[in-house]
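Chain residues, written in single-letter form:
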Amino acid sequence: MPQWRDPANHVMAKQEQPGLLIHEIGGVDGVLEGHVELLKKHFHLITMKEFLENKKRLNEKIRSVFIHECKPVIDRELLQSLPHLKVIANSGVGVDHLDLKLIASFGIKVTNTPHAVSDSTADIGMALMLASARRLVEGCQISVSPQTEHFAADWLGDEVTGATLGIIGMGSIGYKVAKRAKAFEMKILYHNRNQRKEEEEKAVGACYCEKMEDLLQQSDFVMLVVNLTPQTFRFIGKRELELMKPSATLINISRGAVVDQDALVEALQNGTIKAAALDVTYPEPLPRDHSLLKLKNIIITPHIGTATVQATRKMTEEAVANILAVLNGLTIPSEVIPI
Amino acid sequence: MEEQELPYVLIATIGGIDGVYEDHVEFLKKHFNLITMKQFHEHKSHLSEKIKAIYMWWNKPVANQELLSSLPNLKVIATGGAGVDHLDLKLISSFGVKVANTPIAVSNATADMGMALMLASARRIVEGCQIAVSPNTEYFAADWLGDEVTGATLGIIGMGRIGYKVAQRAKAFEMKILYHNRSQRKEEEEQAVGAIYCKNIDDLLLQSDFVMLCVNLTPQTEKLIGKKELEMMKPTATLINISRGLVVDQDALVEALQNGVIKAAALDVTYPEPLPRNHPLLTLKNIIITPHVGGSTTKSCRLVMENMVESILAALNGLPIPNEVNPPK
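Chains F and A supply the protein sequences, listed in that same order. Everything in the first sequence is counted per this note's numbering, starting at 1 for the first residue and increasing by one. Everything in the second sequence is counted per this note's numbering, starting at 1 for the first residue and increasing by one.
Calculated directly from the structure, the hints in this document are not laboratory data. Given the structure is predicted, the values throughout are model-derived calculations rather than measurements. Do not rely on the hints blindly, as some may be mistaken.
Taking lysine-lysine and the PhoX-like style, the derived pairs with C-alpha atoms no more than 25 Å apart in a straight line are [as the list claims (entries may be wrong)]:
id, chain 1, residue 1, chain 2, residue 2
1, A, K171, F, K187
2, A, K44, A, K75
3, F, K49, F, K86
4, F, K179, A, K299
5, A, K171, F, K179
6, A, K171, F, K197
7, A, K299, A, K30
8, F, K182, A, K186
9, F, K179, F, K202
10, F, K182, A, K171
11, F, K274, F, K211
12, A, K299, F, K182
13, A, K176, F, K182
14, A, K30, A, K50
15, F, K49, F, K71
16, A, K223, A, K234
17, F, K202, A, K171
18, A, K329, A, K75
19, F, K274, A, K299
20, F, K245, A, K299
21, A, K299, F, K296
22, A, K299, F, K187
23, A, K223, A, K263
Looking at chain F on its own, in the form it has when it is part of the complex:
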């Protein structure tokens, strides 16, 4: 495609630029300040605050919405007030916070950013597995504790090399986890809606478990890498945890609601499983008196699967490309179709 025609290079004059509705700039959950320039290159940025103050003038201009950290919230009222809205572009791959049917009923397209997130999320899965197995967080506390006089020789963790990893959800992220785990000579089992092609399985040495039970019974580490859908909601519950080995660790890098949290608390308290490492919970953050926060055999990170300078930048770029494709009637790289 000639450079001048590539939508990403076509910079319009400000008045011509399509309006892009965002929650806010900066702050706790606003669009990152460093990304504003990139967005302003292609769009006339309108914050929710500006929109609410000037609905009549601005509602005609807004043709796209950029969702970052699940904001702005998309409800019927908002959709009704944006007659020229063509696309809602989500930053991130999960769209469980969006009512896809409702949005589709308005003839509006939804896009996500699967490519931008996969490396950093796979990396976090590996980081959590290693940190948990090797008791890294606990070890750091011992190293700096005022009480530490010596390092105990019988303080041991579990070996990751050669252990069995069960990946539940073998999409882009799950597959990248498998690639990394293979380099640690791990035995890799996976469960997925569909079996992957033979060459793909062979490339990472992954064995398909049509029944999730088989995976749960054999794995030393169980990693959840699924989307949150009605089918995966709380699909790891009491029964699944009891099927796991008592020496096994559960790692969740998907969505908190995929796990029955009460069942998890009980399983960790009773030694039904050995440990858990969660990048996601529901809600986020957990209430400060939640039982999960008191357990010794758990590590929790604050939903940082995509929290790198590089990944966040790529997410914004991928969202921009998706929006421009929709507005220019071109093939949409990452459209999310409601089932």
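Put chain A on the given structure of chain F with help from the hints.
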């Protein structure tokens, strides 16, 4: 076999903070008559001639002049782990005693630890865990970011068994891998992990996002990383040490971390271990330290023990000794 016929092997103690593991005792007693240092001191005249081997666990018992002189029939010292920097090899050799270590048994676990530290540091895992449980946490900030490991440049200093295993793992993260070593590895070995040789350590330091130390501690590698080396590193780079504390000039490291000369450090080893409780390294925000647990997995420690038994038995039976450490020239 009657108990008296099993070879007498000296150990420090059983159990406790640095003794031989209780889980390992059954296996050891199948092959050896274990004598603790306490028992040895109490029955020296009777035992000193019987002891043929020392089973050195977590660097104990210490093989000094006094001990070596009191064991006229000592044939071999087996030490657990890869390092031998805690041994006076010249002294031991002067008594005609052989030495064996266990470099292979700990290599996977140590390479895993290197990767764990790199990922934990880059993605701010320890800090993140603190935020997740802190009573003061009300929300998770969107602008709290770490650094990407995938696709970054890893510089491995010391490409022995452990360094190579680190390279194998890092390759799966699509990292660009540079390495510095006393000698260049074979081309097939380099290609298998996509590693590029830096004959000059400076080239590695200038280009790396993560610098990982995987060398032995020798007179040549003591304080290998000092002020000059730290200044050559990128200000956005992280130093990871899974070798020995003394390979790094710790005072220079403190200064470099305080002044932003490098971004962060992740250390499994320091000198001494543990650090004094008032040491500046313990107060820095841009460092994580683990308590020398590179080889500390149940599986690896069991393998270490079995390898040590194998080496001792070979030595006592006049056979070639697996993992023998050659005396210094």
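To see whether the hints hold, each was checked on the structure:
{"no.": "1", "hint": "A:K171 x F:K187", "verdict": "holds, 18 Å"}
{"no.": "2", "hint": "A:K44 x A:K75", "verdict": "holds, 18 Å"}
{"no.": "3", "hint": "F:K49 x F:K86", "verdict": "holds, 21 Å"}
{"no.": "4", "hint": "F:K179 x A:K299", "verdict": "holds, 24 Å"}
{"no.": "5", "hint": "A:K171 x F:K179", "verdict": "holds, 10 Å"}
{"no.": "6", "hint": "A:K171 x F:K197", "verdict": "holds, 23 Å"}
{"no.": "7", "hint": "A:K299 x A:K30", "verdict": "holds, 20 Å"}
{"no.": "8", "hint": "F:K182 x A:K186", "verdict": "holds, 23 Å"}
{"no.": "9", "hint": "F:K179 x F:K202", "verdict": "holds, 11 Å"}
{"no.": "10", "hint": "F:K182 x A:K171", "verdict": "holds, 11 Å"}
{"no.": "11", "hint": "F:K274 x F:K211", "verdict": "holds, 22 Å"}
{"no.": "12", "hint": "A:K299 x F:K182", "verdict": "holds, 19 Å"}
{"no.": "13", "hint": "A:K176 x F:K182", "verdict": "holds, 18 Å"}
{"no.": "14", "hint": "A:K30 x A:K50", "verdict": "holds, 17 Å"}
{"no.": "15", "hint": "F:K49 x F:K71", "verdict": "holds, 13 Å"}
{"no.": "16", "hint": "A:K223 x A:K234", "verdict": "holds, 19 Å"}
{"no.": "17", "hint": "F:K202 x A:K171", "verdict": "holds, 18 Å"}
{"no.": "18", "hint": "A:K329 x A:K75", "verdict": "holds, 20 Å"}
{"no.": "19", "hint": "F:K274 x A:K299", "verdict": "holds, 17 Å"}
{"no.": "20", "hint": "F:K245 x A:K299", "verdict": "holds, 17 Å"}
{"no.": "21", "hint": "A:K299 x F:K296", "verdict": "holds, 22 Å"}
{"no.": "22", "hint": "A:K299 x F:K187", "verdict": "holds, 16 Å"}
{"no.": "23", "hint": "A:K223 x A:K263", "verdict": "holds, 20 Å"}
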